[in-house]
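Asker: Sequence:
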Amino acid sequence: MAANATTGNVSSNATTGENEWNMTYHTTLTILAFIIVIVNVPVVVLYFNISSLRHSAGNTFLVGLALADILCACVMIPTGIACEIRFLGDVHNSNVCIFYYVSNITLSLGSIYHIVAATVAKYFAIVHPMRNITACTKPRVHFIVASIWIVSFLVGHIPFYVKHMGTRDDEIMHKHAIFLIVFAFAIPTFILICIHVHIYLRLFLNSRPGVLIAGTNTRSENNRRIAILFFLLFLFFIISWLPSYLLWAKFINPRDEVHEALAIFRFLAPVINPLMFTFAKRDFRKAAVSLVSRLRGRQRAFSSRRSYHTQATSSVDRTNFIDKLNTEKSSKVEQPEREETTVNEPEEMQII
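Counted from 1, the sequence shown has number 305 at position 305 by the UniProt record's numbering; the numbering is strictly sequential.
Note that these hints are calculated values from the structure, not bench results. Each hint should be verified, as a subset may be incorrect.
What the hints assert, rightly or not - Restraint ranges, calculated between C-beta atoms of paired labels, are given here:
hint : residue 1 : residue 2 : range
1    : Ile31     : Leu235    : 23 to 29 angstroms
2    : Ile187    : Asn253    : 33 to 39 angstroms
3    : Val197    : Cys74     : 33 to 39 angstroms
4    : Phe143    : Lys286    : 24 to 30 angstroms
5    : Leu205    : Arg282    : 20 to 26 angstroms
6    : Thr327    : Asn49     : 20 to 26 angstroms
7    : Ala280    : Val258    : 39 to 45 angstroms
8    : Arg294    : Lys175    : 51 to 57 angstroms
9    : Ile228    : Lys138    : 40 to 46 angstroms
Computed from a prediction, not measured in an experiment: that's the story for all the values here. Quick reminder that beta carbons are idealized off the backbone N, C-alpha and C, glycines included.
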């Protein structure tokens, strides 16, 4: 969103009462919000309908990332647009912008640390497969997910805790932005770099001819492909989030057009996350095929039951119709015989 909205400062447009819908910028964000929901909802549906996906700790973190992206589309983007429109129209009406700022930081941290948690889970699965069974248990995974959301929520509210200490708003926001660069970008980036270096070193050592074991070639190839996907997502994480944190800290101050382009580019991450993290993984693809075949099987069963009911009903109606025709025919045959007997009786009496 605009820098004025994210930092809580009032631009010069607020004094003029400008309250306009930016056709290109706001419409693009609205379309992105719909796309984010469309590509992330199937991830959540697959996770809660296919039990095999719930056995992996990495998949649980990926679903947490998908939920954060859905909240980004349903909460953060609408409130950001409302903040820019309403806040510019009324200087004193800043509640929407405050809510946007908190949701922005909370969901951003939630997304980033779900990516880190999913990468760490994949690290244990590749480098320490036996330890992964005992380390990544369901209670621990659920505890990590809850901790991510609690810490993200608390960090998002830090400026409002410090505000009561008598510090100026500009100074609070600047220090908070620098804190976010360290806590939400530098530290996760360092962790992800260390993890990826260790993963690729292990994959390189395992791929040597003397180390290969029969039956492990397919698994190592799958691990290598997943590691490449995680590394591409890591690169996109750096490219999309670094400009946002530099804008928050006011280290760069581009023109409005460049600022809007960077904001739109940042919201491309929730679109690419499920495509790279989930549907490029073999287990999610199999789960999607399984769910589609299951739904088709239910549809066939319903249609077969319906056709059977229709056939049974039509056969009963046909039987009733045939019985009715036979009854009418028998009644018509009996009626002429009775007439003949009544006509011939007087002739016999005359002959006698």
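Asker: So, for every hint listed, does it hold in this structure?
Answerer: How the hints compare with the structure:
1. Ile31 x Leu235: 23 to 29 angstroms: holds (25 angstroms)
2. Ile187 x Asn253: 33 to 39 angstroms: violated (25 angstroms)
3. Val197 x Cys74: 33 to 39 angstroms: holds (37 angstroms)
4. Phe143 x Lys286: 24 to 30 angstroms: About 28 angstroms separates the Cβ atoms of phenylalanine 143 and lysine 286, which means 24 to 30 angstroms holds.
5. Leu205 x Arg282: 20 to 26 angstroms: Since leucine 205 and arginine 282 have Cβ atoms about 24 angstroms apart, the given range 20 to 26 angstroms holds.
6. Thr327 x Asn49: 20 to 26 angstroms: For threonine 327 and asparagine 49 the Cβ distance comes to about 55 angstroms; the hint is violated.
7. Ala280 x Val258: 39 to 45 angstroms: violated (31 angstroms)
8. Arg294 x Lys175: 51 to 57 angstroms: holds (53 angstroms)
9. Ile228 x Lys138: 40 to 46 angstroms: violated (28 angstroms)
Violated hints, listed in ascending order, are 2, 6, 7, 9; each of the other numbered hints is respected by the structure.
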